[in-house]
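Number of protein chains: 2
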Amino acid sequence: MQRAAELALQKMRENSGGPFGAIIVREGKVVAEGWNQVTSGNNPTAHAEIVAIRNACASLKSFSLEGCEICTSCEPCPMCLGAICWARLECLYYTNSRQDAARIGFDDEFIYAEITLPLDGRKISAVRIASESANLAFSEWASSPNKIRY
Amino acid sequence: MQRAAELALQKMRENSGGPFGAIIVREGKVVAEGWNQVTSGNNPTAHAEIVAIRNACASLKSFSLEGCEICTSCEPCPMCLGAICWARLECLYYTNSRQDAARIGFDDEFIYAEITLPLDGRKISAVRIASESANLAFSEWASSPNKIRY
Chain A
1 MQRAAELALQ
11 KMRENSGGPF
21 GAIIVREGKV
31 VAEGWNQVTS
41 GNNPTAHAEI
51 VAIRNACASL
61 KSFSLEGCEI
71 CTSCEPCPMC
81 LGAICWARLE
91 CLYYTNSRQD
101 AARIGFDDEF
111 IYAEITLPLD
121 GRKISAVRIA
131 SESANLAFSE
141 WASSPNKIRY
Chain B
1 MQRAAELALQ
11 KMRENSGGPF
21 GAIIVREGKV
31 VAEGWNQVTS
41 GNNPTAHAEI
51 VAIRNACASL
61 KSFSLEGCEI
71 CTSCEPCPMC
81 LGAICWARLE
91 CLYYTNSRQD
101 AARIGFDDEF
111 IYAEITLPLD
121 GRKISAVRIA
131 SESANLAFSE
141 WASSPNKIRY
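So the protein sequences, as listed, match chains A and B. Here the first sequence stands for residues 1 to 150, where the numbers follow my numbering. Here the second sequence stands for residues 1 to 150, where the numbers follow my numbering.
Calculated directly from the structure, the hints in this document are not laboratory data. Any given hint might turn out to be false.
Copies of the same chain look alike in the list, so a pair counts if it works inside one copy or between any two.
[Said to hold, decoys possible] Lysine-lysine pairs mimicking DSBU-like chemistry, simulated, CA-CA at most 30 Å apart:
#	residue 1	residue 2
1	K61	K123
2	K29	K147
3	K61	K29
4	K61	K147
5	K29	K123
6	K147	K123
Since we're looking at a predicted model, the values are computed, not measured.
So here's chain A without its partners, still in its complex pose:
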């Protein structure tokens, strides 16, 4: 955790982005590091956790981080929690809470609210449009014998 927190502090001071750092650990060893690069990288998805997950997967040459843990300087936002689930991480350690983050201007309550609302009740409007190709992509996937599941 100390390393994740140091990254948060150091990289913020270097103007990388917000004050967030994360590391991925496997069997007690650091596999990868990440820090927030939203503003320096022009990438709204470059939260510390997502960067750490990407780096760990690149390092391990795998799309699964089963058997790994994540240490993050702050409780993950819904985007990062989703990434943690998709990466099959099994445990997370954190320091600052989402309430701490809200107090310094990172309020992800809007996202928690959006996710729990039905599509037609959200602030980001969602419009369904029919598409043959999108349906076909799903049916071909379902019947494909060679697909790699994730």
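Here the structure of chain A is known, so what remains is to put chain B in place on it, guided by the hints.
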């Protein structure tokens, strides 16, 4: 939407990953494309929407996609919905629903459930560990006059 759906079908057939495609549109013009690259890129965060957002931000040299819309071949998972919020996208168009996705093996109900539970009730255990550096990163951010908000 037709282009997003074509990407889903074409890139799945090329074994890029799952059957998902997305595009970012501004004022009726396509700014960027994305498709699922989870398995081909060893990146569990490389969902079509996230790839499209990253590409659009790189193209526009901005961490905000305010004024843009996203067309995606399937209703976004919580990770991607979070990314859509952080990117300030204002509207989304989709074809396949999350229920359609669940039927072909992409069940993100687990993630929806995790996000709505308190930290101590989740399957991915969350352990809080105190850290001076993580606290300091937050207080320095709060008092910094030069920070770039996002």
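Violated constraints from the hint list, given by number and in increasing order: Those not satisfied come down to hint 2.
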